[in-house]
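Student: Single-letter residue listing:
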Amino acid sequence: MIEIAGVTVRFPGRPPVLALCDLSLQLRPGVTLIRGPSGAGKSTLLRVLAGLQMVERGAVRYPWPSVEVAQRTGYVPQENRLDHTLGVEDALRYLAGVRGLPCGRADVAPLMARWGLELLRRRPVCELSSGEARRWLLAQSQLLDPDLWLLDEPLRGLDAYGVAALRRQLVACRSRSARGEQRYAIVVAGDPRLEDLASAIIRLERGGICAA
Amino acid sequence: MPDAKTERLQSIYRDLCAAAEAEGQPPPQLEDVRRLLSLLEQPLGAVPIPEGLCAAAHEALVEAARLAGVPAVRRRPGLRALLRLLWAEARFLPLSFFALQAVLLTVAFVANRSLAGFGRLTLALAPEAGLLTGALVRHAMGTSADAFVLVAPWLGVGVALVAALPRPKGLWADLEALSPFSAATRLLARTTVATAIAVVATCLAGLAEQGPAAGAVLLLARIAPLTLAVSWALAWSVPFGAAGASAASLALWGALTLFGGTLGRWNLLAPAPPGPAQVTAFVLSAILLAISWVLSHRTISRAPGSKLAV
Chain A
1 MIEIAGVTVR FPGRPPVLAL CDLSLQLRPG VTLIRGPSGA GKSTLLRVLA
51 GLQMVERGAV RYPWPSVEVA QRTGYVPQEN RLDHTLGVED ALRYLAGVRG
101 LPCGRADVAP LMARWGLELL RRRPVCELSS GEARRWLLAQ SQLLDPDLWL
151 LDEPLRGLDA YGVAALRRQL VACRSRSARG EQRYAIVVAG DPRLEDLASA
201 IIRLERGGIC AA
Chain B
1 MPDAKTERLQ SIYRDLCAAA EAEGQPPPQL EDVRRLLSLL EQPLGAVPIP
51 EGLCAAAHEA LVEAARLAGV PAVRRRPGLR ALLRLLWAEA RFLPLSFFAL
101 QAVLLTVAFV ANRSLAGFGR LTLALAPEAG LLTGALVRHA MGTSADAFVL
151 VAPWLGVGVA LVAALPRPKG LWADLEALSP FSAATRLLAR TTVATAIAVV
201 ATCLAGLAEQ GPAAGAVLLL ARIAPLTLAV SWALAWSVPF GAAGASAASL
251 ALWGALTLFG GTLGRWNLLA PAPPGPAQVT AFVLSAILLA ISWVLSHRTI
301 SRAPGSKLAV
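Going down the list, the sequences are from chains A and B. The working numbering numbers the first residue of the first sequence as 1 and each following residue consecutively. The working numbering numbers the first residue of the second sequence as 1 and each following residue consecutively.
Treat the hints with caution; some may be incorrect.
Here are the simulated SDA-like cross-link-like pairs (lysine to any residue), alpha carbons at most 25 Å apart as the crow flies [stated by the list, open to error]: (1) B:LYS5 <-> A:PRO37; (2) B:LYS5 <-> A:ALA165; (3) B:LYS5 <-> B:GLN29; (4) B:LYS5 <-> A:LEU25; (5) B:LYS5 <-> A:ALA178; (6) B:LYS5 <-> A:VAL171; (7) B:LYS5 <-> B:LEU16; (8) B:LYS5 <-> A:ARG203; (9) B:LYS5 <-> A:ILE2; (10) B:LYS5 <-> B:ALA19; (11) B:LYS5 <-> A:PRO63; (12) B:LYS5 <-> A:SER129; (13) B:LYS5 <-> B:ARG35; (14) B:LYS5 <-> A:GLU3; (15) B:LYS5 <-> B:GLU31; (16) B:LYS5 <-> A:GLU195; (17) B:LYS5 <-> A:ARG193; (18) B:LYS5 <-> A:GLY116; (19) B:LYS5 <-> B:ASP15; (20) B:LYS5 <-> A:ARG35; (21) B:LYS5 <-> B:VAL33; (22) B:LYS5 <-> A:ARG206; (23) B:LYS5 <-> B:GLY24; (24) B:LYS5 <-> B:PRO28; (25) B:LYS5 <-> A:ASP196; (26) B:LYS5 <-> A:LEU170; (27) B:LYS5 <-> A:GLN78; (28) B:LYS5 <-> B:PRO27; (29) B:LYS5 <-> A:GLY180; (30) B:LYS5 <-> B:ARG34; (31) B:LYS5 <-> A:GLN182; (32) B:LYS5 <-> A:ALA200.
For the record, the hints were derived by calculation from the structure and aren't laboratory data.
Take these sequences, add in the hints, and give me the full structure.
Tutor: Right under this line is the structure:
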C-alpha cells in the first residue's frame, strides 16, 4: 500500500497557489483512477508520487525503500510537447541508459512494437504529432517494467491503436496486483474509457479528497 | 453500490475470464471463484491486520537500523548500470555541445592568431576574444597550443551551461530525473564524457604542434588546469547546481588569468613543463572529486527525511 500522509504542496506566486492541502490517502495495488476539475491537484499528486515535486509538509510512504522509487516508477506527464531533437528510438535508448538499463536497439524494440513506433524510429521526438508523442511517452514509461505506473491524462490525443495497447497494459497491471504483486497504476483521466478497469476511483477537489 | 469485497471478486473474475479466453479455455463459474476466494481469505480474516501496519513496521525498522548504525538496505545501481549511463551520455551527446566547442575553439584560434600579429584585426572582429587575448598577452603565451590551456576552462563553463541551463525544469528534465542515479552522478557522468573529449582534443593539438617528445611534458601542464577546473565545478555543482558551478568556475579562472602571473612557479597557467603548481592541481582535483562524491551521497541519504516527497 502507498500511504500519502498530510501532504501539502504550495506553488510560489502572488498569491501562492495551494495545489495540495493536507492530503491523506491510501492507494492499494491495482488501477486507481483520479478525477477532479482543473486545478484540483491531480497532476501535482502524480508528481509528488514520482518524487518530482517537493512538498511543504507531509510524506509519502511506499511499500519499498524510498531510495528505490525512481527505479520503480514509470511516469507519463500531462503535456505532449517534447523539446528534444533525438530520434524516437535514440531517445528511448538514451533514457534507458540514464536509468541504467540495457540500451541497445534490441532492448527497446519490443517497446517500439508494443506502442506502434517502429515506423517512426528516426523521426525526432520534437516532430511527433500529439498522438505519436503520447505513444512515445507511454513507451518510455515502461522502459523498466514499473511497479508504480503514473499516467497523467494518458488518453489525450491517443489513437484507437494506442488506447487498445494502453488498456491491455492496464489489464495486465490489474491482473498482477490481483495475484498479490505490489503493482500500482495511478491514472489521472476524466475520460470514461478506462473506468471499467479501475479498482478504485478517487475524486480530488481543490487539493483535497472529495470522494473515494 | 457493491462493497469492496464484491468489487474485488468481480475484478478477479473478469481477469480470470480474460485469461481463460486468451488460453482458449471455457470461462470459470462465478460461484467457484467466490468459494475459492473465501477459502483463501479465511486464515487472513482470523487475524485482523491494522491499517498501515506494513508502512509503520518498515519505518520503525529503518529508524532502528539508523540508531544501531546499520546502513539502510538499498538497491544501488551497479557498475554495469553506471557504464550504461556513461555510454548513453557519450552516444547521445547533444549537437549543441559540439557547436559550442567549435565556437569557443574558433575564438581560441582567433585569440592565438592575434598573438602572432593580428591583434588589431581580432579586437575589431571579436571584442570578447580581445579579453582572452589580453590575458594571453599578460602571460606571454607564445605558442598556439598553449592558448588551449587558457581557453579550456572557459570551454568547460560553456559546456556546463549547455548541459544544464538550456533544459530548464520541464518535461524532458522530469524524464531524466526518473533515474536511479542522483543528479550529481548524472552530472559527473556528463562531465566525464565532456572532459574526456577535451583531453583528447588537447592531446591531439599538443602532439600535432610540439611532437611526441616535447608534447608529452607540456600535455601534463595543460591537463592539470583542465582537471582542476572540472573537479572545482563539480564540487560546487552538487550543493549549488549548475549556476553555482558556473559562477565558481568563472571566479576561479578569472582570478587565475588575472593574477596568476604574480605567483611565479606556482602559476598554474605558466607555459612551462609541469611544476609544483601542476602537481598541486592534480592533488586538489582528487580531493575535490572525493568531496563531490561524499556530498552527492549525503544528498541521496538525506532525501527520505527532507522536504522531498520521497
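Student: Mind checking the alpha carbons of LYS5 (chain B) and GLY180 (chain A) for me, to see if they're no more than 25 Å apart?
Tutor: Satisfied, since the Cα-Cα distance of roughly 15 Å is no more than 25 Å.
Student: Assess, step by step, whether the Cα of LYS5 (chain B) is no farther than 25 Å from the Cα of GLN182 (chain A), and give holds or violated.
Tutor: Judged against 25 Å, a Cα distance of about 19 Å means the pair holds.
Student: Quickly compare the C-alpha distance for LYS5 (chain B) and ALA165 (chain A) to 25 Å and report which way the hint goes.
Tutor: 29 Å, violated
Student: Is the straight-line distance between the alpha-carbon of LYS5 (chain B) and that of GLY116 (chain A) 25 Å or less?
Tutor: Violated: LYS5 (chain B) and GLY116 (chain A) sit about 37 Å apart, past 25 Å.
Student: Mind checking the alpha carbons of LYS5 (chain B) and ALA178 (chain A) for me, to see if they're no more than 25 Å apart?
Tutor: 13 Å, holds
Student: Is LYS5 (chain B) within 25 Å of ILE2 (chain A), Cα to Cα?
Tutor: 20 Å, holds
Student: Starting from LYS5 (chain B), check that the Cα of ARG206 (chain A) is at most 25 Å away, please.
Tutor: Violated - the C-alpha atoms of ARG206 (chain A) and LYS5 (chain B) are around 30 Å apart, more than 25 Å.
Student: Does the structure keep LYS5 (chain B) and GLN78 (chain A) at a Cα separation of 25 Å or less?
Tutor: Given pair LYS5 (chain B), GLN78 (chain A) is violated - Cα atoms ~33 Å apart, limit 25 Å.
Student: Do the alpha carbons of LYS5 (chain B) and ARG35 (chain B) lie within 25 Å of each other, as the hint requires?
Tutor: 13 Å, holds
Student: Between the alpha carbons of LYS5 (chain B) and ASP196 (chain A), is the straight-line distance 25 Å or under?
Tutor: 16 Å, holds
Student: Next pair to validate is LYS5 (chain B) with LEU16 (chain B); report whether the Cα-Cα distance is within 25 Å.
Tutor: 16 Å, holds
Student: Taking 25 Å as the top limit, are the C-alpha atoms of LYS5 (chain B) and ALA19 (chain B) close enough?
Tutor: 21 Å, holds
Checked against the numbered hints listed earlier, the structure breaks hints 1, 2, 12, 18, 22, 23 and 27; every other hint is satisfied.
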